[in-house]
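The whole structure should be built from the sequences, with the hints applied where relevant.
Just add 74 to the spot in the sequence shown (first one is 1) and you have my numbering.
Because the hints were derived from the structure by calculation, they are not lab data.
The calculated label-pair distances, taken between Cβ atoms and stated as ranges, are: (1) 286 - 388: 53 to 59 Å; (2) 280 - 245: 15 to 21 Å; (3) 287 - 500: 37 to 43 Å.
By construction, the Cβ of each residue, glycine as well, lies at the ideal position given by its N, Cα and C atoms.
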Amino acid sequence: MPVIRRLLLTYVSLTLVVLAGLALPFGYVYQRGEQQHALAQLEHDAETLAAFIDTALRTNPPGQAHSLVHDAARRWNARIDLVGVDGRTVATTRTDGSAAPDLGRVLTDHTPVISAIDAGRMTVAVPIHPGRPSQGALQVSVSSAPLTARIHQFHLLLAGVGVAVLICGALIALALARWIGRPVRALERATRRLAEGATTSASTTTGPPELRRLAETFNATAVRLQELIAAQRSFVGHASHQLRTPLTALRLRLENLEPAIAADGAANLRAALLEADRLATLVDALLAMTRIEHRAAPAEPVPISAAVTARAAVWRPVAEDRGVTLTAGGPDQVTAQVIPGTLEQILDNLIANALDVAPPGTTVAVTWQLDGTTVELHVIDAGPGLSDEDRARALQPFWRAPGAPKGGTGLGLALVHKLAAASGGRTRLDKAEPTGLDAVVALPA
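What follows is the structure, given as structure tokens:
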């Protein structure tokens, strides 16, 4: 829907700009033309009246000029002023006692005609006789309301036509936007389903040619990607069995060799057994990381207290053998959104790492707290800790701290990081006080 709205807004905006670019100048030109035409018509009428007055002043008594002025004012609904060469009023239709206009510019013949539209009136001033300025001047003023009404009526008509064109353009734009947006939405849905691990394809029969070609390319890519994922999952499944069996057999053979090994070779045998165990642990960690990358299971609410209590009970005997106290505590009724089974793996790896570095007589504390919409799980040890630079690199696969005991794989924290990210969480390593490391896993509450 946002795609359709954006396309529709683009088309309508473009139509509106074109309409404004055409209608505004057209309306302005029409208004100027109507005003000029009205002034020209008024000027023509004033010059005609001036010609009759000129004849009346030369051949008849002045009373006839007065009669001509009042008759024209009545017929035109106008205000007419007739002044002599000295600027004094000869005849006027003013009833409010206002002063006669200053027509000096017309009388001096510098400006034979003056016309203007101001304050709701149209005014034209002309000489009585163009060749004889001494005859006086005539000013005719009429209301511009009829002219304004015609201009407003045309503007309304122009606006109505513009709105009709805009509506038609919007309907056409909506049809085009839907035609373009429908395959885009279908492609978006197909992409989302592909990201969720479902088999999907996009329609290649609707929309513009470019989008149809894009859908064909997407379908080919989706098929190839699904084939690769299926092949990788098959390899992981086979490798899980093919690697574990010879590793188990190798360890058994090494153990069977123990009675036949001389005392001076016992150390080498124990080292070989340790390396076999390390290789088995490494294989299990790699397979677990690979499974996490392809796991499509949704996150579910998991009670933190129950999970921590259960894993602490499993690891407490190991901690006691090493002279370390393992504690667990936090608020009840707190749940986190995690993929089933991952919280236990996270706890196992963090507790195992903490026990490996915790000196005898110290405590490994597993705590949790609710921070807004996030549950923070802390595993704190009193070991030597890590520097700021080492803490930044500790989540990388196969990284091991300097001086770390033998037998580790360097994948424990990397696996925790991937497990937390798969559930929408994040992992960080903080410095514990006074010494040690605080491994923090933040999960959605």
